[in-house]
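**Q** Residue numbers (the UniProt record's numbering), protein chains in the order written: chain X, 1 to 382; chain A, 1 to 418; chain P, 1 to 396.
Hints were generated in silico from the structure; no laboratory data involved. One should not assume that every hint holds.
[Unchecked claim] Computed footprint of chain A on chain P; a stretch qualifies when at least three of its residues, placed anywhere within it, have a C-beta under 8 angstroms from a C-beta of chain A:
{"id": "1", "stretch": "42-48"}
{"id": "2", "stretch": "95-109"}
{"id": "3", "stretch": "123-132"}
[To be verified] DSSO-like mimics (lysine-lysine), calculated; alpha carbons at most 30 angstroms apart, straight line:
{"id": "4", "chain 1": "P", "residue 1": "LYS332", "chain 2": "X", "residue 2": "LYS295"}
{"id": "5", "chain 1": "X", "residue 1": "LYS107", "chain 2": "P", "residue 2": "LYS343"}
{"id": "6", "chain 1": "P", "residue 1": "LYS350", "chain 2": "X", "residue 2": "LYS275"}
{"id": "7", "chain 1": "P", "residue 1": "LYS332", "chain 2": "P", "residue 2": "LYS295"}
{"id": "8", "chain 1": "P", "residue 1": "LYS354", "chain 2": "X", "residue 2": "LYS295"}
{"id": "9", "chain 1": "X", "residue 1": "LYS295", "chain 2": "A", "residue 2": "LYS137"}
{"id": "10", "chain 1": "A", "residue 1": "LYS137", "chain 2": "P", "residue 2": "LYS88"}
{"id": "11", "chain 1": "A", "residue 1": "LYS316", "chain 2": "A", "residue 2": "LYS137"}
{"id": "12", "chain 1": "P", "residue 1": "LYS350", "chain 2": "X", "residue 2": "LYS283"}
{"id": "13", "chain 1": "P", "residue 1": "LYS94", "chain 2": "P", "residue 2": "LYS147"}
{"id": "14", "chain 1": "P", "residue 1": "LYS354", "chain 2": "X", "residue 2": "LYS283"}
{"id": "15", "chain 1": "P", "residue 1": "LYS126", "chain 2": "X", "residue 2": "LYS283"}
{"id": "16", "chain 1": "X", "residue 1": "LYS295", "chain 2": "P", "residue 2": "LYS350"}
{"id": "17", "chain 1": "X", "residue 1": "LYS275", "chain 2": "P", "residue 2": "LYS360"}
{"id": "18", "chain 1": "P", "residue 1": "LYS60", "chain 2": "P", "residue 2": "LYS354"}
{"id": "19", "chain 1": "P", "residue 1": "LYS126", "chain 2": "A", "residue 2": "LYS137"}
{"id": "20", "chain 1": "A", "residue 1": "LYS316", "chain 2": "X", "residue 2": "LYS295"}
C-beta: ideal position from N, C-alpha, C; glycine also.
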Amino acid sequence: MPPSRESIQNRGDEDEVCPVCKSSRYLNPDMQFLINPECYHKMCESCVDRIFSSGPANCPVAGCHKTLRKNRFRKQTFEDINVEREVDIRRRVMQILNRREDEFDSKRAWDDFLEQREEIIANLVHGTDVAKTEADLQKYAQENTRSIRANQALDAQEASSFQERQTQEQELARLRRQAARQEYENERRELLAGREDVLSRLAAGRPADAAAIARDGQKVLLKKSSARRSEEDRIRQKQAALRGSDARRAGQFGLTTADKAGDAGDTGLIKGLRKIKTPEPEKPYDPFGGMVPDKRDYYTLRDFYPSSYLDPIRQDTRMQAGGYDLREYYSRTLLEAFAGLGCFIDEEVSQRDAANSMGITMPVATEGAALAAGSSGPAGNV
Amino acid sequence: MIEDDFYRSSSQFRFWSYTETSLRSLRATTNAIASERVQSALRKSRGAQRSATSSAAGTPAPNHTGSDADSKAGGEETEIECLTPEEEHQLVRYFCEQIIELGEMYKPPLPTIVRATAIQYLRRFYLTNSPMTYHPKSIMLCALFLATKTDNYYLSLRQFTEVIPGDTTSEDIIRPEYLVMQSLRFTFDIRHPFRGLEGAIMELQAIAQGIGQPAPHFPTQTPEDLKRKLHALHPSPTASSTTDRLARAHHNTREILKSAAQMTDAYFLYTPSQIWLSAFMLADRPLAEFYLDTKLGGPPADPQQQGNPLSELRTKLLRTLTGCSNLLQAYTPLASDPDQKKNLRRIRKKLFHCQNPEKADLAGQKRIPAAAAAAVAAAADPATSESEMERLAKKRKLEGKQPRDIFGGELVTQRTKE
Amino acid sequence: MAVSPLSSLSPSASDTAVKLTCAVNLQDNAHSPLITHSTGRELAEQLNDDVRHKYIKDKKLGEGTYAVVYLGHLRVDPSSLVAIKKIKVNAEYKDGLSMDAIREVKYLQELSHPNIIALHDVFSSKDQNLNLVLEYLPHGDLEMLIKDGNVHYGAADVKAWIGMLARGVWFCHENFILHRDIKPNNLLIAFDGEVKLADFGLARSFADPYLNMTHQVITRWYRPPELLYGARQYSGAVDIWSIGMVFAELLLRVPFVAGNSDLDQISKVCEAFGTPTEDNWPGVTRLPNYIPADKNHTVPIQGREFFLRQFPTAGPVGADLLMSMCMLDPRKRSTARQVLQHKWWFTEPKPTEKENLPRKSDGTQKMGNGLTRKGGEIDDYTFKYTARQLDFNAGE
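Start from the sequences and build out the full structure, keeping to the hints where you can.
**A** Printed below as a string of structure tokens:
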């Protein structure tokens, strides 16, 4: 028996017989099995053609009532159908939950997200809580179409730029090889030419000069080749650099647009997303920083108040020359006349006490511990 | 009101404002802690003393350490009678009055504001400390000296000490400074009502002269209107003219602020603006009400009418001002009240017996170089060492037989001679 | 009474609220017999210990003759940093706690504003030292920026800094407190680039009539002419002159009027801005330390052209503002409010957003050193004044 047959047999009957039409590979070695990710029931190509060519139909496997479409049938990639299914689920979930690390506030939030995504995948794979998980996923997909699409575009772009870079590197390598070959050729040619030159000079010159001429010839050759090599290197490097920076620029551009497209802040499903800063409309500069100068409720300040007590100051040129300003005194006395007139201590202080009454009943230590526990927050697992 | 926010940011409002209830309970707590400590400290020192005497007599004492067993054995002794919160309060008030007197002795006399600040320091100090622990006579001097520094009326400690009667040294005065500052919780700014009164008087004078400005909420007021209304006020029985009336009201209000406002709990319970206005009401009620009405409008035409924030504020304010006025009015100086004086003498006698011996030397360790202080603080933390207490207790017993001239006595006798 | 529109706008409102809660917590603890009886110490001591235990001291940031500064943090939240300035007990000073410590504590307790260094708490430690818990400002000060050739800044940055400085000073003056020591190394820079007025060791309240104040305040180069002439009654205008000098220094990157003695300072001021006379400054000759100018060498009062020529970076409007802060006669000088109402703030360029201001990152050590400097001289009434020496070369 040929070893191939043996191995086929070892795989068992299941793999060899179409569960729908029962035709076997033994009779039909070209037989191809297809699956549909709706239910992962395997059937042969001819069955698929037969049953689904005229439009969607129920899966012919007994007990499975899934409606299948022909265009979704495909070859199985993995031997284990469970792996196949998990990979499909994973791909689908990843396409929806395609947040990127730089969208998260912290490493921790990103890790949480990854864990959450794995949990969703596991739920779907093992069939736990499927309805809810699917619903969450759909809801998320609907709410975040823009950012999903932006991130998909970004992924595609990265993939293509990765590819581009790879082809570029291959191209560079090819160029380098070519150049090396070329150079080798050139050197050979010049060596030959130089040798001829030396020979002709030796032929023409005196025998005493022979050694010197031969040495000169060698030197010139070396110089030429190294000069050429460095020149070529320079040009090549420059070109490569130019191409590289082009690619980078394209990448950067892509990134910025994607950032703008990424709209949602914290979505219901995913936590810890970086808030996207929408540039606030520029506020006019306020030199007073939000306070209103000279606004008063009780009095309107005058530049002069009659007071015999203050009259000597008004006459005192020395005090005036020092800059002493009675208006500052008026302003202070009138402010102090009314500052706090409407503060009712019995009311405000007892409110203050009441607001803190929680703290009173708690011993200091417990209060501190509670505070400490409260403040440890997301980094509390250190 | 905008002006109120200036006061709300002050340390006086944030740290030193109380309701009557919270003030009372704070004093009660302070008194309770101090009494407990006095009892236990005196028990210990008595025990120590007895064991000392008995060992001197040659009979071995059953308990030679000041332990719990010893204090139980001493059960037949009468409990020491401690001061009540009310008595402590009376005592502190007496020393507040002493600050006024003392300020007069300087040449020139210490400014009113410095003395008022010192008084408030003393009052704040005794909210969280008891006179049984720290005797007011020394705290008072330190508070006054601290006030000269914080209120920019600087005297050197030497100059300051020269005026103090008795044998008080500079070191005695400055020693508790750190303790005082700590008890003041390092808030030195006192918001007094004096300057506010000056502002109001200046504005009233402007109104009297027909140059008053309309209040922001009553832009239709005219200087003429204001002037007319001021002059049409129900005439004061004592003043001949409006100017005279203003001057009298000014003077009398100031007197109340210098005395009653300092000697009562006014600063803890009311804001400086409420205090001067309450005092002003006591001095000349129609004038004070006129002034308030220019700011908040008169009484509402229809008392049932709701929703005008200014008239609601006015109603509330009048209630508070009445409360404050009553507090100020109830004050009578000790010197003019023989009953109070007698009572005070009793309290001081009582204090003499319930002064905490551990702290009698008061913050003794407070003004020593930092390095040594750390060591002392560490050593003295649970209680001063036994021998130290014994020594102090003996000293007190000795002094008990020959009462030393306690500071302040001199002033009292002086006054009685007069 | 919710009439006040300011209360919600006040940038300090939230700060105050926080402080308030802390304060109340302490007071509440005081009222709670449970706690008080369990510890059995004086209430005053307990309150102090409660504050002390709120913080943990970390490493030392700097040490001077006057104070040691530590980095510290809240016990319950190690990420909330503070600077703890421990004021050394001066054994030689027989009159108790020194005036500059008293002033600093007194005024910082009352002021709460984004452009003034925040005093979170004060407590005493076992060794009887005073500990000021201050806002931690790690980015150095304006002097460092001015002197650092690697730091480049422009008119928009200067506008932002002077704006913050003027706002802080305005707030002090609104509360009737003079700072009296404004200079670049007292202007510290916060995490977010905010400039904070620090070192209130020479501050005092003002405006009361007939009260003498000392004229030996403000570091010489930033001291206004009325103080150089010994005026004992003055106003907020003294701080405004200092702001003007800081403004000029920011523009020139070198102190504008740097005399090496008080006398030299007067003559340099006169040379720079003009010779004071009874005409341009009525009453100036009656000031206690007035020195008649050399008749043969009088400089006319400098006009706009001078400021425009000297400070082209500020632009014509900026030069105008600077000129209004450098008026010899304090009565003619702008007040802090007038400074903030000037139209320069609204002309191009717009002040830089504080987050985008140039800064240095290695300012930690600097804060330590900055806070340990000794405040000015002791008081208004002692005879021997020792003016604060400013020595840039000695190294901090």
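**Q** Has the given pair, LYS295 (chain X) with LYS137 (chain A), been kept, meaning a C-alpha gap of at most 30 angstroms?
**A** violated, 46 angstroms
**Q** Does LYS332 (chain P) pair with LYS295 (chain X) here, judged by a C-alpha cut-off of 30 angstroms?
**A** This hinted pair holds, its Cα atoms lying about 24 angstroms apart.
**Q** Can you confirm whether the C-alpha distance between LYS275 (chain X) and LYS360 (chain P) stays at or below 30 angstroms?
**A** Within the cut-off at roughly 28 angstroms; holds.
**Q** Is the Cα-Cα distance between LYS137 (chain A) and LYS88 (chain P) 30 angstroms or less?
**A** Holds. LYS137 (chain A) to LYS88 (chain P) sits at ~28 angstroms (cutoff 30 angstroms).
**Q** Please verify the coverage claim for the stretch 123-132 of chain P: does it have three or more residues whose C-beta sits within 8 angstroms of some C-beta in chain A?
**A** holds (count 7)
**Q** Assess, step by step, whether the Cα of LYS126 (chain P) is no farther than 30 angstroms from the Cα of LYS137 (chain A), and give holds or violated.
**A** holds, 25 angstroms
**Q** With a cut-off of 30 angstroms on the C-alpha distance, tell me whether LYS295 (chain X) and LYS350 (chain P) pass.
**A** holds, 26 angstroms
**Q** For the pair we were handed, LYS316 (chain A) and LYS295 (chain X), check the Cα-Cα distance against 30 angstroms.
**A** Holds, because 23 angstroms separates the two Cα atoms, which is no more than 30 angstroms.
**Q** Taking a Cβ-to-Cβ distance below 8 angstroms as contact, does the stretch 95-109 of chain P have at least three residues touching chain A?
**A** Held - the stretch 95-109 of chain P has 9 residues with a Cβ nearer than 8 angstroms to chain A, which meets the minimum of three.
**Q** Between LYS60 (chain P) and LYS354 (chain P), does the CA-CA distance stay at or below 30 angstroms?
**A** Holds, because 28 angstroms separates the two Cα atoms, which is no more than 30 angstroms.
**Q** So if I understand the rule, the pair passes when the alpha-carbon distance is 30 angstroms or less; does LYS354 (chain P) with LYS295 (chain X) pass?
**A** This hinted pair holds, its Cα atoms lying about 27 angstroms apart.
**Q** Does the alpha-carbon distance linking LYS107 (chain X) and LYS343 (chain P) stay inside the 30 angstroms limit?
**A** violated, 47 angstroms
Hint violations for this structure: numbers 5, 9, 11, 13 and 15, all remaining hints satisfied.
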